[in-house]
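So the sequence lines, in the order shown, correspond to chains L and X. The opening position of the first sequence corresponds to residue 30 in my numbering, with each subsequent residue numbered one higher. The opening position of the second sequence corresponds to residue 149 in my numbering, with each subsequent residue numbered one higher.
In case anyone wonders, no lab produced these hints; they're calculated from the structure. Because the structure is a prediction, the values reported are computed rather than measured. One or more hints might be untrue.
[Stated by the list, open to error] Okay, the calculated beta carbon distance ranges per label pair:
hint, chain 1, residue 1, chain 2, residue 2, range
1, L, Y436, X, K162, 49 to 57 Å
2, X, R189, L, S300, 21 to 29 Å
3, L, G161, X, T153, 39 to 47 Å
4, X, D201, L, P333, 23 to 31 Å
5, X, S249, L, T156, 46 to 54 Å
6, X, D201, L, E385, 19 to 27 Å
7, L, E464, X, D232, 37 to 45 Å
8, L, E464, X, V182, 40 to 48 Å
9, X, S240, L, D47, 25 to 33 Å
10, L, D370, X, T153, 51 to 59 Å
11, X, D232, L, P462, 51 to 59 Å
Glycine included, C-beta positions come from ideal geometry on N, C-alpha and C.
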Amino acid sequence: MKVTRIGCGAGFSGDRIDPAVELATHGELNYLVFECLAERTIALAQLAKAKDPDAGYDPMLVARMEAVLPVCRERGTTVITNMGAANPVAAVGVVRQVARRLGLGGLSIGAVTGDDVRAIVGAGHFTVTESGEPVETLGDRLVSANAYIGAEAIRMALARGADVVITGRAADPSLFVAPLAHEHGWRLDAWTEVGRATLVGHLLECAGQITGGYFADPGLKDVANLDRLGFPIAEVPERGPFVITKVPESGGSVTAATCKEQLLYEIHDPSAYFTPDTIADFSQVRIESRGRDRVEIDGAAGKPRPDSLKVSLAYRDGFIGEGQISYAGTGAEERARLAGDVVSRRLARSRIPVAEIRCDVIGVDALHGGRLAAGTWHPYEVRLRVAARTNSLAAAQAVANEVESLYTNGPAGGGGATKSTREVLSLASTLIPRELVRCDVQMEVA
Amino acid sequence: MKLRTIAHSRSGDKGTIINVSLIVFDPRHYPHVVEHVTADRVRAHFAALATGDVIRYELPLIGALNFVVHGIVGGGVTRTLALDAHGKSLSSALLEMEIDSETISNP
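Same shape as in the complex, but just chain L:
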């Protein structure tokens, strides 16, 4: 029975490149997928594109392609990625230049377009899912509106012979569903197969998170050679169970436990995982170890795909000013709390408009608040963190400066003050009828 080998060379935009090269060189892959697009990433890319029409693709696109294209060409491995971000067409042009420079003439590169639905959303009447308000109320604060598109257009690019397929906001699992369907000749309404391929994609899309990354807990869950963590490979036959594995001798480990953690990662109802391609059912999945770094997975299913596509909306939502400073020795926590009080009182008395303020003592209660940390221990050193939401950059800077000025004006022994400000891009979503989203493929040859 034909088996397709598909690997994942990145789980987010800033991910490591060397495990992807290892995977491309030793993974005997038919396909290598790079998943690099978080919701906020595409909003930032849209802002970059607004300033420069040739920008708006992933900042590591060139570095990744230079690293893997020669070996992928040699091995006959097709590359699929959402590194096109806000500008897949520009990304294709860039990859064509990389290919030419590396002497890879004839490389065929396809851009998948159509996910940018800002004009459609702007012209119609859509409702923000989270608030129930009309999308129009966001006005000119709306930065981007990108629909999660499915496997269809990616598969079209593969059918047209693409060696590299570059998308914008495709759903993460669709980057895997398309090549598996293309390779095995599955129809995209063969829901069981699409559900199964969606599970392959869901398990692989975070790369190292299934091979022992994000898993280690020394003494309880030890992972060997985490410093040279290998990235995952799925061996997917035409039907029946598939296997998750990694390059032999690479670091990390693939076990039933690592696969179970990733199976439920970012999942709500396991029997109804919504994607553009299917409503996948992972509730009956079975996971069995089949020797070292080999785990067999079976039992995924799928129901007919939803009629609407989810649209990720990003909008400008004010600013955050933040400052931090450290205290040590006996009374460190008390001095940090005094410092936080000083900043809060000064901001309350000043004319700086602050919508919300938060003082954390890092080392004590910054992650889960005082309730879970109560009555535990008194750390030798702590770090005060003050963060506040404002509606202007100037006010955010004023908040950050108040923390920095604790150096000479606050409690004793404060050290290592830092400050930062940032504009907040908030995210929301809406639903768009599938037929309003027109996807297309543009091919170029290096």
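Put chain X on the given structure of chain L with help from the hints.
The following block gives chain X in isolation, referenced to the frame of chain L:
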């Protein structure tokens, strides 16, 4: 004893909703967590962090529970002032939950 001695966990966010899995190391402990780590108990455990409902899904074939925690305080990943905006460290908070070791069958 703490939950972390018999189970492991991973959490992930979707806006103001966070899911936290709970997976037993030994399948024989699954009935125990089903009985004792209820949605109500998890809601109380996370009371300072989330104000909404906690929904629990059971996955007996892999010895896991999946908790979906609604109403994360601070507005969720996109606008929260919290240091861990994604709530990724909630998995560790769940594993701190105390469970009665007397009633656990020794594997």
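Status of each hint after checking the structure:
no., hint, result
1, L:Y436 - X:K162: 49 to 57 Å, "violated, 40 Å"
2, X:R189 - L:S300: 21 to 29 Å, "holds, 23 Å"
3, L:G161 - X:T153: 39 to 47 Å, "holds, 44 Å"
4, X:D201 - L:P333: 23 to 31 Å, "holds, 28 Å"
5, X:S249 - L:T156: 46 to 54 Å, "holds, 50 Å"
6, X:D201 - L:E385: 19 to 27 Å, "holds, 24 Å"
7, L:E464 - X:D232: 37 to 45 Å, "holds, 40 Å"
8, L:E464 - X:V182: 40 to 48 Å, "holds, 44 Å"
9, X:S240 - L:D47: 25 to 33 Å, "holds, 29 Å"
10, L:D370 - X:T153: 51 to 59 Å, "violated, 39 Å"
11, X:D232 - L:P462: 51 to 59 Å, "violated, 36 Å"
The structure fails to meet hints 1, 10 and 11 from the earlier list, while all remaining hints are met.
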